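Heads up: take any position in the sequence shown, counting from 1, add 33, and you land on the working numbering.
For the record, the hints were derived by calculation from the structure and aren't laboratory data. All values derive from a computational prediction rather than experimental measurement. Do not rely on the hints blindly, as some may be mistaken.
Within a straight-line C-alpha distance of at most 16 angstroms, the following computed EDC-like cross-link-like pairs (lysine to aspartate or glutamate) qualify [as the list claims (entries may be wrong)]:
no.: 1; residue 1: 170; residue 2: 145
no.: 2; residue 1: 210; residue 2: 190
no.: 3; residue 1: 232; residue 2: 207
no.: 4; residue 1: 173; residue 2: 194
no.: 5; residue 1: 232; residue 2: 165
no.: 6; residue 1: 170; residue 2: 143
no.: 7; residue 1: 232; residue 2: 206
no.: 8; residue 1: 161; residue 2: 145
no.: 9; residue 1: 232; residue 2: 192
no.: 10; residue 1: 187; residue 2: 143
no.: 11; residue 1: 102; residue 2: 145
no.: 12; residue 1: 232; residue 2: 186
no.: 13; residue 1: 222; residue 2: 197
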Amino acid sequence: MSNKHNHKNRVDNEPKAVDNDDIEINDVADEESVDVEAAKEMAQEELDEVEKLRKELDDTKAQLEKEKKEYLFLMAEFDNFRKRTLKEKSELIKNGGESAMKGLLPIIDDFERSIQAINESSDASSIKEGVELIYNKFVKYLEQNGVTAIPTEKGTDFDTELHEAVTLFPAGDDSLKGKIIDTVQKGYKLHDKVIRHAKVVVGQ
Numbered sequence: 034m035s036n037k038h039n040h041k042n043r044v045d046n047e048p049k050a051v052d053n054d055d056i057e058i059n060d061v062a063d064e065e066s067v068d069v070e071a072a073k074e075m076a077q078e079e080l081d082e083v084e085k086l087r088k089e090l091d092d093t094k095a096q097l098e099k100e101k102k103e104y105l106f107l108m109a110e111f112d113n114f115r116k117r118t119l120k121e122k123s124e125l126i127k128n129g130g131e132s133a134m135k136g137l138l139p140i141i142d143d144f145e146r147s148i149q150a151i152n153e154s155s156d157a158s159s160i161k162e163g164v165e166l167i168y169n170k171f172v173k174y175l176e177q178n179g180v181t182a183i184p185t186e187k188g189t190d191f192d193t194e195l196h197e198a199v200t201l202f203p204a205g206d207d208s209l210k211g212k213i214i215d216t217v218q219k220g221y222k223l224h225d226k227v228i229r230h231a232k233v234v235v236g237q
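Please build the complete structure, drawing on both the sequences and the hints.
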């Protein structure tokens with residue numbers, strides 16, 4: 034009986050064998066748990082990135098819509114400006130000469146009085162004086178409106194920008210070569226713009 038009891042104690046005291054399958058299952062479970070957590074984190078990161086991109090897209094759409102409205106507004110403003118400019122230009126062309134024409138009316142009155150005086154008077158000197166007064170008044174009016182005669186006095190240098198040579202004439206004097214000898218028709222400038230070239234005879 035003593036031997037049986039000793040044998041039982043030896044069996045109880047022997048270390049139990051470890052089941053390798055249980056260890057492997059536990060390791061796999063731990064690995065799967067880690068993989069799931071990593072997948073969750075990765076999925077969340079992707080969702081955050083998608084949300085960020087969606088917000089950027091919405092902001093871009095809003096900005097484009099704002100710029101589109103501003104563009105349409107500017108186009109409408111430009112169209113209105115163009116219409117106003119065309120209207121003002123049309124009115125300027127139509128009415129721009131009004132002031133100039135009104136200024137000529139007193140001179141026409143003077144001409145009519147002069148014609149009447151010619152018919153009623155035989156005094157040539159007074160008629161000549163009246164015509165000269167009208168002429169001087171007209172020239173002064175032109176000058177007040179920027180119209181001036183182009184210089185064509187004898188001996189003036191010929192300038193193709195201002196003069197038109199209708200003929201060349203032997204100068205007889207070397208100092209008159211290339212110079213104006215005579216004026217066939219006076220020329221005029223409006224401010225700095227030539228509106229009619231002076232027709233002249235040039236020495237050669």
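Here's how the hints hold up against the structure:
no. : hint      : in the structure
1   : 170 x 145 : holds (14 angstroms)
2   : 210 x 190 : holds (9 angstroms)
3   : 232 x 207 : violated (22 angstroms)
4   : 173 x 194 : violated (24 angstroms)
5   : 232 x 165 : violated (23 angstroms)
6   : 170 x 143 : holds (10 angstroms)
7   : 232 x 206 : violated (21 angstroms)
8   : 161 x 145 : holds (14 angstroms)
9   : 232 x 192 : holds (11 angstroms)
10  : 187 x 143 : violated (32 angstroms)
11  : 102 x 145 : violated (64 angstroms)
12  : 232 x 186 : holds (12 angstroms)
13  : 222 x 197 : holds (14 angstroms)
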